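Chemist: Given chain H, work out where chain S should sit, using these hints.
Protein chains: 2
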Amino acid sequence: MGEPILLKCVGCGREFAPEPSLFTCPDCGPSGTLDVLYDYDRVSELLTRESLDKSREFSIWRYLPLLPVAHDTPRTPLTVGWTPLYRTESLGSEIGCPDLFLKDDGRNPTASFKDRASAVGIAKAMESGNNIITCASTGNAASSLAGLCASLGLRSVIFVPATAPRAKIAQLLVYGARIVLVEGTYDQAFDLCYDTAQSCAWYCRNTGINPYLSEGKKTAALEIAEHLNWEAPDKVFVSVGDGCIIGGLWKGFHDLLEIGLLDRMPQIIGVQAEGCQPIRQAIETGKPVEPVSPDTIADSISVGRPRDALKAVRAIRNSGGFALAVPDEEILDAMRTLGRSTGIFGEPAGVTGFAGLRQALRDGLVRSDERVVVLITGNGLKDVDSALKAVGEPPRAKPDLDEIRKVVEEHYPECL
Amino acid sequence: MGEPILLKCVGCGREFAPEPSLFTCPDCGPSGTLDVLYDYDRVSELLTRESLDKSREFSIWRYLPLLPVAHDTPRTPLTVGWTPLYRTESLGSEIGCPDLFLKDDGRNPTASFKDRASAVGIAKAMESGNNIITCASTGNAASSLAGLCASLGLRSVIFVPATAPRAKIAQLLVYGARIVLVEGTYDQAFDLCYDTAQSCAWYCRNTGINPYLSEGKKTAALEIAEHLNWEAPDKVFVSVGDGCIIGGLWKGFHDLLEIGLLDRMPQIIGVQAEGCQPIRQAIETGKPVEPVSPDTIADSISVGRPRDALKAVRAIRNSGGFALAVPDEEILDAMRTLGRSTGIFGEPAGVTGFAGLRQALRDGLVRSDERVVVLITGNGLKDVDSALKAVGEPPRAKPDLDEIRKVVEEHYPECL
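Taken in order, these protein sequences are the chains called H and S. Residue 415 is where the first sequence ends in numbering that gives the first Met the number 0, and the numbering goes up by one at each step. Residue 415 is where the second sequence ends in numbering that gives the first Met the number 0, and the numbering goes up by one at each step.
Chain H with its partners taken away, still in its complex shape (with noise of 0.2 Å):
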């Protein structure tokens, strides 16, 4: 079922066929980043809220005739997707936004929202007969994808940035991925990963080149919808990187429109690091998007060419949403906040959307009225050491009773 009608080029518009080896557009070349169309009439007839109430498939295969993959592709047998969507209103009210929900992304099989891409890009690469998939990745990307090809059987082959955290790297080394840890940037890793991947005719996962990932990615947006029953919200923050999840949460808003699910889109707002911001500066230039050098904490984000960077322009100027930079201090300081008034831990890029949300706050870009979603997009396990930044040392004692009421009225006079 969904199986996509059409791939169509977001740069020049230009429509084809799917087949196996078409990823990106032969006009254009790799910065032609394909868009999925589907027969949205005969979607509507068979996704409908009716048929959804009665699924008890809770996980992005809910959706699937939105969703490029056939009926009968094997799929991971992990449960992807279906993350919580909290209501979070005492922190909402305390920063001025009382309406306001967190979705924890972080709660997916490998812990972050990479899953929802690498689930529907390995069901695709089953189709196609190919049992080595690669990618290149700053680490949550090559987790999931090692994951999620461990759980099927299938070889990953993943290069990520020697640089990467620590956490990131050991599970792709328990998941019995083949890395090569590149004494490069996630950029240069990018581009020798799709290089050596042509010569080897591996499948490619990889942002911006594979057109079926923001398909995975938009099934954030189809549960956000579902959760708040078909009403969009005003607003939803989310960090940005290469672009393809805030490309992806757009095509998700959008195929709800066009199935009737939903009757307008929400302003998407991109979020990045001040020390990476290529995506606002073309936002703000109204200008093509120019590399830069990136310089931040937040890894995951830490993306300097962005790989879907025309969805990523995209998705913020067709919802009239805005984009904004905060600096790495506010990450690790939303990282401490969402940790300490609602029990959600994320990593720094996970975290980045909500940093946004309260400087768009501050400068008072949105209402107190407004409903608005924030995604954290990955687990604060995945990187420790920055989780360690935006904290003290706790305070130690020796194993003895006096020690430890003396450590406790210095260190927390107000639990006695």
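Just so you know, these hints were derived from the structure itself, not from any lab. Every value quoted in this text rests on a predicted model; they were computed, and no experiment measured them. Beta carbons are placed, not taken as given, at the ideal position from N, Cα and C, and that holds for glycine. Incorrect hints may appear among the rest.
Only part of the chain S face toward chain H is listed, based on derived beta-carbon distances under 7 Å [said to hold, decoys possible]:
(1) P73
(2) P76
(3) S367
(4) L380
Lysine-lysine pairs mimicking DSBU-like chemistry, simulated, CA-CA at most 35 Å apart [unchecked claim]:
(5) S:K286 x S:K7
(6) S:K388 x S:K405
(7) H:K7 x H:K53
(8) S:K388 x H:K388
(9) S:K405 x H:K397
(10) S:K397 x H:K388
(11) S:K53 x S:K7
(12) H:K286 x H:K7
(13) S:K388 x H:K397
(14) H:K405 x H:K388
(15) H:K286 x S:K397
(16) H:K53 x S:K53
Modeler: Okay, now just chain S, sitting in the frame of chain H:
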């Protein structure tokens, strides 16, 4: 709903009406762990296959009539429980146990099984009007308590051995817990926590002391039974430290027998690390549990003086199960095997149950036609140092296509 009718001492059998301050048997002292008993006739009217089929509450609270928590008690807004139970036939066949299921409790909000207990413990604290909750922990109970307290605006005071994995300490700090790093063992931290809680009148979320934790933990058994359509598996394997998880599992199956939703008790198999096997030794010798000096990589079950020994031993004996001990190398190997074959990344204690299953299969203690469930109790991201011990270092390459090609040829020839 589901207010407990009685508390009953597991040691002497005396029964008590519940009161907020009653934690252990006044006659037996701190070792007099209590069971929570229900009016099972009444519960069997409220909790039926039909009521559960209709329920849209996909968390531990779907079993509210079997939980000791009032309807209107505030609960953590985080989604606890209802974790996936994966059928893993291919790995199962490989090891000689094709009807194998893995329950991944690393998918809980703070990435461990302990959230089940914390959710119920915190609800009971709120019922008793106490806003400061304390526990001692090897790590997971601590981060769980801290995260869930944060979600409700409560204070947590945490006693943790200074040797706990950094990720668990980072979690605690991000959740805003008041932490005391105790320069000693878990057993020392436990006693110090208990004594300080008494003198400061903090609510005590300590295993073996607080009778309501088992009730939270039993929800895993309820979920296993429901996922398997109310047919008990033949065997359930689980790692054992304090003994509270295994005791909770038994209690869950027991309660289902009482209300007629199951018709037999599965055999429950407790797996400990070779370097810390007091429960296994007690089962072996038939004598009371003797404290040991723990020495294992599996920090979450590195418990020399198990606080829930009575419930643990009962779970194994009463279910006709057995106990095993596995060396640390097999725990690390279990971590690798699970990661590579299923995409589930468990922490050392989290995969110890699986290491035990492999040993039991080798020893002829499990028949190949038996249905086996293994509980994975915590996410591997919580202990990356141990994970890195389980795997090697990945190869590195300069950012150059020829260099990359050489790495692939040398290390991953099967991908060419």
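Chemist: Please go over all the hints and tell whether each is borne out by the structure.
Modeler: A quick look at each hint next to the structure:
1. P73: This interface hint is violated because 12 Å lies over the 7 Å limit.
2. P76: S:P76 check passes; min Cβ-Cβ to chain H is 6 Å, inside 7 Å.
3. S367: Not OK, violated: S:S367 not within 7 Å of chain H, min 21 Å.
4. L380: holds (4 Å)
5. S:K286 x S:K7: At roughly 23 Å apart (the allowed maximum being 35 Å), S:K7 and S:K286 satisfy the hint.
6. S:K388 x S:K405: holds (26 Å)
7. H:K7 x H:K53: holds (33 Å)
8. S:K388 x H:K388: holds (25 Å)
9. S:K405 x H:K397: violated (53 Å)
10. S:K397 x H:K388: Status holds; Cα separation ~29 Å.
11. S:K53 x S:K7: Judged against 35 Å, a Cα distance of about 33 Å means the pair holds.
12. H:K286 x H:K7: Satisfied, since the Cα-Cα distance of roughly 23 Å is no more than 35 Å.
13. S:K388 x H:K397: holds (29 Å)
14. H:K405 x H:K388: holds (26 Å)
15. H:K286 x S:K397: holds (33 Å)
16. H:K53 x S:K53: holds (10 Å)
Comparing the model with each earlier hint shows violations of hints 1, 3, 9; every other hint is respected.
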